[in-house]
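Assemble the whole structure, with the sequences as input and the hints as a guide.
4 protein chains.
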Amino acid sequence: MEKLAEDYFDKSINAREHAIFETGIKLATLFQMALGHPIKNMQSTLVRVADGIKASIECQPFVKSVDFIIKKPNTTGSQKFDKENEFDYTFVTGQDIRAQIEIQYEKWIMIGCIEWISDLDYPLMYIKEINQIEKRYEPSDEKMD
Amino acid sequence: MEKLAEDYFDKSINAREHAIFETGIKLATLFQMALGHPIKNMQSTLVRVADGIKASIECQPFVKSVDFIIKKPNTTGSQKFDKENEFDYTFVTGQDIRAQIEIQYEKWIMIGCIEWISDLDYPLMYIKEINQIEKRYEPSDEKMD
Amino acid sequence: MEKLAEDYFDKSINAREHAIFETGIKLATLFQMALGHPIKNMQSTLVRVADGIKASIECQPFVKSVDFIIKKPNTTGSQKFDKENEFDYTFVTGQDIRAQIEIQYEKWIMIGCIEWISDLDYPLMYIKEINQIEKRYEPSDEKMD
Amino acid sequence: MEKLAEDYFDKSINAREHAIFETGIKLATLFQMALGHPIKNMQSTLVRVADGIKASIECQPFVKSVDFIIKKPNTTGSQKFDKENEFDYTFVTGQDIRAQIEIQYEKWIMIGCIEWISDLDYPLMYIKEINQIEKRYEPSDEKMD
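Residue numbers (my numbering), protein chains in the order written: chain V, 1117 to 1261; chain Y, 1117 to 1261; chain P, 1117 to 1261; chain X, 1117 to 1261.
Quick caveat, the hints were computed from the structure, so don't treat them as lab data. Treat the hints with care, since some could be wrong.
Any copy will do: because identical chains look the same in the list, a pair fits if it lies in one copy or spans two.
Claimed, not checked - In silico BS3-like links for lysine-lysine, alpha-carbon gap of 27 Å or less: (1) LYS1180 - LYS1119; (2) LYS1180 - LYS1127; (3) LYS1170 - LYS1188; (4) LYS1180 - LYS1199; (5) LYS1119 - LYS1196.
Encoded structure:
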């Protein structure tokens, strides 16, 4: 199947580039899925919402591991988002999303990230690390720092 | 806050009707959030994805409890959606969603459901039960049958 | 089909209540779909994004008309969201959504709204008007005020 | 801003690879946004829904042009999705999505596509063409074939 899919790509693309392409896909899928989820300022809720999206992203092609944290949202206006009243909750925005996804395509391993960058006022997706392996790959135990 | 919100409603609406309105909102939110999640045919994945959305819906106003099952998707074509190869997974559709949400507004309790109805070829949202309580309400332990 | 669907509802529900239920569903669907759309501060973009979601909501049961405006997002931080640079855009949030949906179920007409309420710091969904008709209904030409 | 963002990337990544990464992001964003939109079998509806998403994707970084068609959905069961009755509509799935996005990062132009591939039973995202320009780039008038 993977070989069949390769036929659709520009012939000049190589395995490293294909791994980079797949990393972009997964980061964007995670981000777009997470946006707009109702959340409150309770750690267990944030962990459960993030874990549901992790489980979903783990189904996608070439995904080795997914780390995903929804940060406690910044409180604004009169609400603390801790359900003091029925309307006291909020929705996931780009500022709350912190993710790290490990992609393997052939012998190339990418560490892709999403992180709110204050200097850019923007939820940047980027490739933090590119690694090449020679032998069977064991997913890393390293977590986001 | 809840009283403040009531000012925006047509004056003829009563508490029972308000409870019905809120039930429609929650069912549609759950449904729209669930659609399109990548999934595979592994029970633990389906449970984690469903639990993330449950945790999110539980943040919304007047929600007492949420039951939500993503059913194993129907296999079609050449794939079984069990990740035999990298592309062998699928996406949540209306056929896979089975949910039951308990809403309380004042003394009115609604049991709202989403269920794929084969006779309609349609993921129907409906109000299964309307109940009225006189005293403080304890969420039911009953699960979907 | 509509009669078949009714069998699933609690027998005590009446047509007015059913109309209210459907109004909740449509408002929540529109809201959940709109959240997270990339947008910039250009009127033509905001109109096109809103129109796509309107076209989608118009497909749903019992919808007579949909009015939907995505307001120019509040600028924050260093960005104006007018694409002065590549990252200078934002995403639809609850503060930007203003919608009015007309639902007809049997002889009942509901005007349902979504509006950011500053006093609540919340994107409130509410039923603005409940009307009853005796004869064939002509969709109103009235727009949101 | 673009230079600031580059600092977050692995130092070994080059402009061509960066263009490939951005292409993956945009294709996945479009796909994830489109999934689950209510639609019916009317060309004007499908065009409006697609145009709303196009307008949104056009806001994202490095996007030169977006072509996006929602195909008439396959009818299944008893429904034709032409609103013969209130429930006779459906939701966008991967089978209905056909998109082509042109990305420019520095002098690299990518043509990225989403297309349902029957042999894979899968909505494949791929890079169809990689081009390099020497001078100011004019967006192509070519449409999807």
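Inset, instruction - Since the copies are identical, ignore which copy is meant and state whether LYS1170 and LYS1188 lie within 27 Å (CA to CA) inside a copy, between copies, both or neither. - result: Answer is both; intra-copy 18 Å and inter-copy 18 Å each pass.
Inset, instruction - Go through the copies and call it for LYS1119 and LYS1196: within, between, both or neither, with a Cα cutoff of 27 Å. - result: Classified as between: cross-chain Cα gap 19 Å, same-chain 51 Å, threshold 27 Å.
Legend entry - Within, between, both or neither, where LYS1180 and LYS1199 count as close if Cα-Cα is 27 Å or less: between (36 Å within a copy, 13 Å between copies)
Inset, instruction - Please work out whether the CA atoms of LYS1180 and LYS1119 approach to 27 Å or closer within one copy, between two copies, in both situations, or in neither? - result: This pair counts as within: shortest intra-copy Cα distance 19 Å, inter-copy 30 Å.
Inset, instruction - Could you place LYS1180 and LYS1127 in one of the four classes (within, between, both, neither) given a Cα distance threshold of 27 Å? - result: Answer is both; intra-copy 26 Å and inter-copy 22 Å each pass.
Going down the numbered hints, you'll see the structure goes against none, and every one checks out.
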